[in-house]
Amino acid sequence: MTNLVQKQKMNKYIVLLASVCLLIIGMILHVAVGSSAVSFTEVMKAIFAPDDSKQTTIVQTLRLPRAVLAALIGASLAAAGALMQAITRNSLASPQVFGVNAGASLAIVIAFILFPDLTSQSTVYIAFLGAALGGMTVYLFASGGKTTHVKLALAGMAVHLFLSSLTQGVIVLNEQATDVLYWLVGSINGKDWTHVKILLPWSFLGLLLAFGSSRSISILVLGENMATGLGEKVKWIRFFAGILVIMLAGASVAVAGPIGFVGLIVPHIARKLVGGDYQRILPFSALLGAILLVYADILSRFIAYPFESPVGIVTALIGAPFFLYLARKGRNIKQ
Amino acid sequence: MKRKHSYQMLSILFLCLIITIVISLGVGAVYISPGEIFQQIIGSSPGSSFILTNYRIPRTLIAIVVGAALAVAGAILQGILKNPLASPDVIGVTKGAGLFAVFILIVCPTASMLLLPLSAFLGAAAIAVILMVFSYSQGAKPHTLALVGVALGAICQAGIQYFMIKFPDDVNTTLLWLTGSLWGRGWSELWMLIPCVALVPFIIIFASKLDILNLGDEIAVGLGERTKYVRYTLLSMAVILTGLSVAVVGSIGFIGLIAPHIGRRLVGSRSKFLLPVSAAVGALFLLIADSLGRGVMPPVEIPAGIVTAVIGAPYFLYLLRREQKK
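Taken in sequence, the protein lines are chains X and B.
The first sequence begins at 302 in the working numbering and counts up by one.
The second sequence begins at 2 in the working numbering and counts up by one.
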C-alpha cells in the first residue's frame, strides 16, 4: 500500500518535472522559430546579455512577449476550464462551450464599434462584463442541480450560437470588419509587452486564488450534500469560483480573443496524469495549458507558411478531435 | 390534446400565415398596399407588378418553404435525439454546410450560382455521414449523436474562420451569407427548394415512427422497429431539409430550435400534429423576421438571421429556465 502511494507520489514528481522541462523547451523553441530563425545561443544571449543586434531586438520586443503571453493565456484558460468543470461537475464544461468566451467577444466587439478609440486597458473590464453574462447562464444551470451533461453542453452551445450570431450581426452592419475578425479567432500574433502587462495581474491573481481555494473546490466535486456536510458553504464557493473563471477567461479573451478548446481538453489530460484531486488538477492544468498554447502558437506559424494563422485555429484542430474522443468514449459522460 | 383542438390550431396558424404574407409582400423600400396586392393577384395590373412578381413573391415563398423546412428538421432532430435542445445549428449540420459554401464563395467566386447550394448541401450531408459513422458503434445513442455533432460543428467553425482570415477580401459576402439573409433571392433559388416539398409525403409516412422512438429503444424494438435504421432515415431527412435551406438562404439560426417548442406547446407532442404545426410556426417565424429586417429601416436591410437570433434567443433562454424548474 505504502509502496503504491509512494509510486504515485514519484509519478507526480516525474510528471511535474517533465512538464516543466517541456514548457521551457517550448518557450525557447517559440522564441527561436519563425520567419527569421534565431539560434539557441543567440536566444540565450538576447535574454541574458542583450546588445544592439537585430536578433536581440527581435527576441526582446517581438518573440519573448509573445511566448510569455502564450504561456499566461494557456494557463489562465486551462485553469478556468478546470474550475468550470469543478463547479458544474460536468466534464464537458469549458469557457468556450458555455459561452463565456462568446460573451466576452460580443461585449468587446460592440465596444470596439461604439467607442473606436478605446484603450486596451479598459477592454479588459468590458470583457469581464461579457464573460459574466455568459457565465451567469452557467451559474443558473449549475445551481439547478439535476441537469444532465449533454443537456448542459447543448444549452451552452445554444447560448454560444446566440452570442456569436449577434457578434456576426454587429460586424455585418458595420464596415470595419476585418480587424475584429482576426481577433475573433483568437490570436497572439503581434502582441507586445503592454499586453503582457494588461494580462499579468489578472492572470496571476486568478491563478493564485484558484490554487489557494483548490481544497474547497475539490470538496465541491463530491456533490452538494456531501460538501455541505463537510462544512463548506457550497453557494459561496461556487460564486467565488465563478468570479475566478470570469477573471481568468475574460482577461485572456480581452488580450487575445476567444481561443477555444484549451479550457476543455487540458483539465482532462491533467486528470489522467495526476488523478481526480483538484488540489493537483488545478496547478497541473495551468502548467499543461501553458505548454499546449506555447506549442500551438509555434505550429500556427507553419499552417499557412510564411503567413501566420491565428492560434485559435490550431487549438480547434487539436481540441475538436479530442472532444470527439470524449464524446465517443462516453464512459465518463453519463447521460 | 384533443384532435379537434389541433385542427383549430392549424387553421388559426394558416390564417396568421396569410395575413403575414400580405404584409411581407407590401413591406420594403417601396411600400405596396394590400389593395394593390389583391388587384395584382386577381389579374389587373397596376404599376407595382414588376416588384411583386420578380422580387417579393419569390422571396416570400422562399421564406415560407425554408422556415417550414428548418422547423421540421428541428422537430425531427429533437425527436430522434430525445433532446428538446437539439437543432440543425446546434449539432453542426448547419456549420458543415457553411464550411463548404464558404469554400466555394472564396476559392471559386466565379463559379455558377448552382454550385453554391450544391456544395452547401454536400457539406451538410458530409457532417451527417460522419455523425452516423461516429455514433454507429454506440447504437446511435442520442447523447453520442449530440456531442459528436457539437464537436464537428467546432471543427467546421475553425475551417470557416481559417478561410475568412486567409482571404480577407471576400469577408463581407461570406459573413452576410453566414448570418443568413433572404436578400436578392428569386425564382431560380425557389426551384432549388423543390426537393424539400417532394420530401413531404415521406415525412408524413415516417412521422409516426418518431412517436414510437419516443417510447424508448426497448419498447420500440419490442414493437418491431429497427431503431438504428429508423433513426438514420429520419436523420437523413432532417439533413436534406437543412442542407437545402442553408444552401438557399445561408445559415439562419434558431428556427429549428424554437419552432418545434412552440408547436409542442400548441398541440402537444404527437408527431402527426406536431410536424405540420411546427412547419407553420417556422414559416411564420422566418416570414416575420424577414419582413421586420426589410421594414425596420428601409432601404437598409437587416439580415433575417440576425432578427431570428434576436427574437429566438430570449425565448430560448426562457425555455431553458422553465426546463430547469421542472
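Worth flagging that the hints you see were computed from the coordinates, not collected in a lab.
It is possible that part of the hints are untrue.
What the hints assert, rightly or not - A few chain B residues that face chain X, going by a derived Cβ cut-off under 8 Å, partial list only:
1. V108
2. L179
3. T180
4. P304
To be verified - Across the chosen pairs, the derived CB separations fall in these ranges:
5. B:T54 with X:I411: 38 to 44 Å
6. B:F104 with X:L330: 45 to 51 Å
7. X:N475 with B:F104: 21 to 27 Å
8. B:T174 with X:L509: 45 to 51 Å
9. X:Q580 with B:S209: 37 to 43 Å
Unchecked claim - Which chain B residues stay away from chain X? Per the calculated CB distances, all over 12 Å, these:
10. L11
11. L16
12. V91
13. K96
14. A127
15. A199
16. V231
17. K273
Every residue, glycine too, gets a C-beta built ideally from N, C-alpha and C.
Q) Does the structure break any of the earlier hints, and which numbers would those be? A) Checked against the structure, the hints that fail are numbers 1, 6, 9, 12, 13, while the rest are satisfied.
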